[in-house]
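J.: Residue-level listing of the chains:
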Amino acid sequence: MKILMLGWELPPHNSGGLGVACYHLSKALADEGVSIDFVVPYTAPHDDITFMNVRHATHYSPLHKFGMGAYTTDTEIIEGETATTEEHPGSIRSLQKKYTRYVESLTETEHYDAIHAHDWLTAEAGMRAKELFNVPLVIHVHATEFDRAGGSSGNPVIHEIEYQGLMMADRIIAVSDITKRIIVEKYGIPEDKVDVVHNAIDTTSFDSSYVYDQRTYKYVETLKKDGYTVISAITRLTIQKGLTFLMEAFAKATTKHEKLVLLLAGDGEQRDELIRLAAKYGVSDKVLFTGFVRGKQLRDAYSATDIFVLSSISEPFGLTALEAAHHNTALIMTKQSGVSEVLNSIFTYDFWDTDKLADQLVGIAKSDALRSSLEKNVLHEYTRISWTDIAKKCIHNYKAPSLATNFEGVYA
Amino acid sequence: MSKQAITLYMHVHQPFRIREYTVFDTSLNHNYFEETDYFSQHNNERIFHKVADKSYRPMNALLKKLLDEHPEFKVSLSITGTFIEQARAWAPDVLQDFKDLVDTGRVEIVAETYYHSLAFFYSREEFVNQVEAHKQLIRDTFGVETRVFRNTELSYNDSLAQWADEYGFEGILAEGWDPILEWRSPNFVYRPEGTKNIKLLMKNYKLSDDLAFRFSNQAWEEWPLTADKYESWTTSAMEGQSTLNLFMDYETFGEHQWEDTGIFEFFDEFVKRWLSSPDRTFYTATEAVRNSEPVGTISMPHTVTWADSERDLTAWLGNDMQQEALRYLYELETPVLETGDIELIGDWRKLQTSDHSYYMCTKWFTDGDVHAYFSPYNSPYDAFLYFMNALRDLRFRLAEVQAQQEEK
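So the sequence lines, in the order shown, correspond to chains A and B. In terms of our numbering, the first sequence opens at residue 1 and continues consecutively. In terms of our numbering, the second sequence opens at residue 1 and continues consecutively.
Note that these hints are calculated values from the structure, not bench results. Backbone N, C-alpha and C fix where the C-beta goes; we use that ideal spot for every residue, glycine too. One thing to keep in mind: the hints can contain errors.
[As the list claims (entries may be wrong)] If the Cβ cut is set under 8 Å, some of the chain A residues that face chain B in the computed set are:
1) Lys218
2) Thr222
3) Gln270
4) Arg271
5) Asp272
6) Arg276
7) Ala279
8) Ser284
9) Asp285
10) Leu288
11) Gly291
12) Phe292
13) Gly295
[What the hints assert, rightly or not] Here are the simulated BS3-like pairs of lysine-lysine, each with C-alpha atoms no more than 27 Å apart in a straight line:
14) Lys224/A with Lys256/A
15) Lys280/A with Lys363/B
16) Lys252/A with Lys356/A
17) Lys366/A with Lys399/A
18) Lys224/A with Lys2/A
19) Lys408/B with Lys225/A
20) Lys408/B with Lys224/A
21) Lys65/B with Lys50/B
22) Lys65/B with Lys272/B
23) Lys296/A with Lys335/A
24) Lys335/A with Lys193/A
25) Lys408/B with Lys218/A
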């Protein structure tokens, strides 16, 4: 079986979890004997990827430096905002058109059994490929515009593309029940066209020689020795992540239990607002902003953490929670986070319920027994799903009869 | 009737800007102020050299020339401790120039806090420590005593004047702000409310700011300002009045108003014209207070500064970040001083320099007047984060020193 995978990024040229998920999914599919052409919209070496054929739709360098990563916010997609040049891809819309044209060019030489497209970014290319290759289109939804907008209405252009893609797809894979509900309720897609396939974590991908370096966050380690509990959010600092609620809850928690420190690892457009809020609540000296971290600084941030909070207003999955679990942390997450569907030994709260979160933070901080129970028990849960299981579910979806050739459809 | 006199007072200061001091430096690297990248915007040495070339050296040369040519010409300067430390390290010739000026006997040094801090508003004890440290530094460096006081950013209120009176200063400087003066003129000497001996010199901000802010502004209806025109303004402002207080930053000459605006030639020419009449002269700040009796009492219960249209401290203490940062900083006073650790105390005091909180000012977000607030950082939020990381490191060092001292 040969499939055309339409993606936006792969590690190490990724700006977030989409690239990581695509990498592990493709690797597991290859292990199941699937041959994959994976298209990315940029040109950069992916020398360590030998299990599939990575194709480059344009000659531009990786896109997060143009603000066109997988997490583009709606202000950046206005067409014609930036002129296209040899060095600069212009707007994300013009880049998507180039991407689609590249996919069209593949019809001359290639043949596929199915198209697997990820998110709205490649939905148009996916629809065009379905038309040209006349094979089933599977759209894999890692996040919808409703999630990215974090409660506001989102960008109408993206909504339109997302809607068309979901309508035209033969099968839809959603990364959580929460995401499936959005697809069904907000876009009116028939429920039985959508499969929930939760993400997994590949623990073998973690460098086994890794040893936590206490010097990376030496100040934090000093506080820990002094009895402080380290609460972390390791995330983009953006409205979707609900961090203003976390800040408020943290401030409330410090009035009950003084020895708390909040580590915010990541960067984003909401940073300044969060700094202002911390000062307003009078907790600036207990809030640490690291800026963007990757590699060792990122892993050490997990290791330095006692309580990991996923505070998202709307989180289709939330792979970072599984990474945090791997590094021995107690987990608190919003009920609006998809990953909460696959874990049991966690605390959950509604994203707006700062009293409840504050209470949970203090409760864990005050009880070593509670904290160690949470840490230990979640270790048995976070690897229950494997990428091999996910790959098998995807293969099942590739075999769905194309709606283009059979309007009756077995799923209708 | 005594002569009409101009009291020209200029402020000389450089802060130790904080480098991009991150979470990853905190508790590991205790160097907050030395930026290794010479071309960085926070490299204090590079900035000092730049301002020295544009302002300190040419203005020192001009003042020396004017002092040589005109026996009546006099100037008062306040020079901060952090400036003198930097000049010693990076431009000893600039410091020597200042010494030569003071050696003429016609350049007075005005007292202030060593660290150009807002300590008066947080800790009277620390404030006095810094005033005395500055007095001593001036004594050691220039061999002169200070007799007139100015507080950081010309911040002033009645209780400051009462303190300075009891301390023994003969004069104190303040902004001649209209809502305070009402119908009165800044061109007289006043007595601060609740004081016995000290006299108050108030800045004539209109004529001062004509030079400091407006001189090169081509959109200003009076541009270009000639020595001739400025002399006619000062003459009419001084009619029947005794002393004109022109207060400004030293960097007005060459840095705020670049050399090519003609500011140096203008000033040279103006001094010559002003002194062309035998009825007119220049005073040092001490002469100004000694040669006149107060014409009335001025009360400023609330703090007034020379900054912004509000003339208050909101550029330094106006937002939550600034208030938090300084609260945390001054909370460390007692434990830091108790260690007696010279380096720790020195860094704690360098963090008190008011420029740090000025860089955290967000007023321009609403004013839209970005250029009114010069900052070496990308945003006030960056300034705040670097400051807080340094402050946390200071706490870490404090705990270490305390632990060592307990062992002994």
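J.: Each hint needs a verdict: does it hold in this structure or not?
T.: The hints, checked one at a time:
1. Against a cut-off of 8 Å between C-beta atoms, the interface hint on Lys218/A holds, since the closest Cβ of chain B lies about 4 Å away.
2. For the restraint placing Thr222/A at the interface with chain B, the shortest Cβ-Cβ distance is roughly 6 Å, inside the 8 Å limit, so the hint holds.
3. Among the interface hints, the one on Gln270/A is violated; its C-beta lies about 11 Å from the nearest C-beta in chain B, farther than the 8 Å criterion.
4. A hinted interface residue such as Arg271/A counts as satisfied when its beta carbon comes closer than 8 Å to some beta carbon of chain B; here the least separation is about 7 Å, so the hint holds.
5. For Asp272/A, the interface hint holds, the least distance from its beta-carbon to any beta-carbon of chain B being 4 Å, beneath 8 Å.
6. A distance limit of 8 Å between C-beta atoms decides the matter here; for Arg276/A the minimum to chain B is near 7 Å, and the interface restraint holds.
7. The closest approach between the C-beta of Ala279/A and any C-beta of chain B is roughly 4 Å, which is under the 8 Å cut-off, so the hint is satisfied.
8. With 8 Å as the threshold, the beta carbon of Ser284/A comes within range of chain B, its nearest partner Cβ sitting at about 5 Å, so the hint holds.
9. Contact between Asp285/A and chain B, as hinted, is supported at the beta carbon level, the nearest pair being about 5 Å apart and thus within 8 Å.
10. Taking 8 Å as the C-beta contact cut-off toward chain B, the hint placing Leu288/A at the interface holds, the least distance being around 5 Å.
11. Of the supplied interface hints, the one on Gly291/A holds, with its beta-carbon coming within about 7 Å of a beta-carbon of chain B, less than 8 Å.
12. The interface hint given for Phe292/A is broken, as the beta carbon of that residue sits about 11 Å from the closest beta carbon of chain B, more than 8 Å.
13. The beta carbon of Gly295/A is not positioned within 8 Å of any beta carbon in chain B (closest approach about 12 Å), and the interface hint is therefore violated.
14. The straight-line distance between the Cα atoms of Lys224/A and Lys256/A is roughly 18 Å, inside the 27 Å bound, and the hint therefore holds.
15. Between Lys280/A and Lys363/B, the direct Cα distance comes to roughly 16 Å. Compliance with the 27 Å bound is thereby established for this hinted pair.
16. Restraint check: the Cα-Cα separation between Lys252/A and Lys356/A comes to about 10 Å, which is no more than 27 Å; the hinted pair holds.
17. Pair hint Lys366/A plus Lys399/A does not hold up; C-alpha atoms about 53 Å apart against a cutoff of 27 Å.
18. Our distance criterion of 27 Å between C-alpha atoms is broken by Lys224/A and Lys2/A, whose separation comes to about 52 Å.
19. For a cut-off of 27 Å, the pair hint linking Lys408/B to Lys225/A stands: about 22 Å separates their Cα positions.
20. Taking the CA atoms of Lys408/B and Lys224/A, the gap is about 25 Å. The hint holds against a cut of 27 Å.
21. Our distance criterion of 27 Å between C-alpha atoms is met by Lys65/B and Lys50/B, whose separation comes to about 22 Å.
22. Distance check on the hinted pair: Lys65/B and Lys272/B sit about 11 Å apart at the alpha-carbon level, within 27 Å; holds.
23. Simply put, Lys296/A and Lys335/A have alpha-carbon atoms about 30 Å apart, too far for the 27 Å limit, and the pair is violated.
24. With a C-alpha separation of about 25 Å, the suggested pairing of Lys335/A with Lys193/A holds against the 27 Å cut-off.
25. Restraint check: the Cα-Cα separation between Lys408/B and Lys218/A comes to about 25 Å, which is no more than 27 Å; the hinted pair holds.
Consistency with the previously given hints fails for numbers 3, 12, 13, 17, 18, 23, ordered from lowest to highest.
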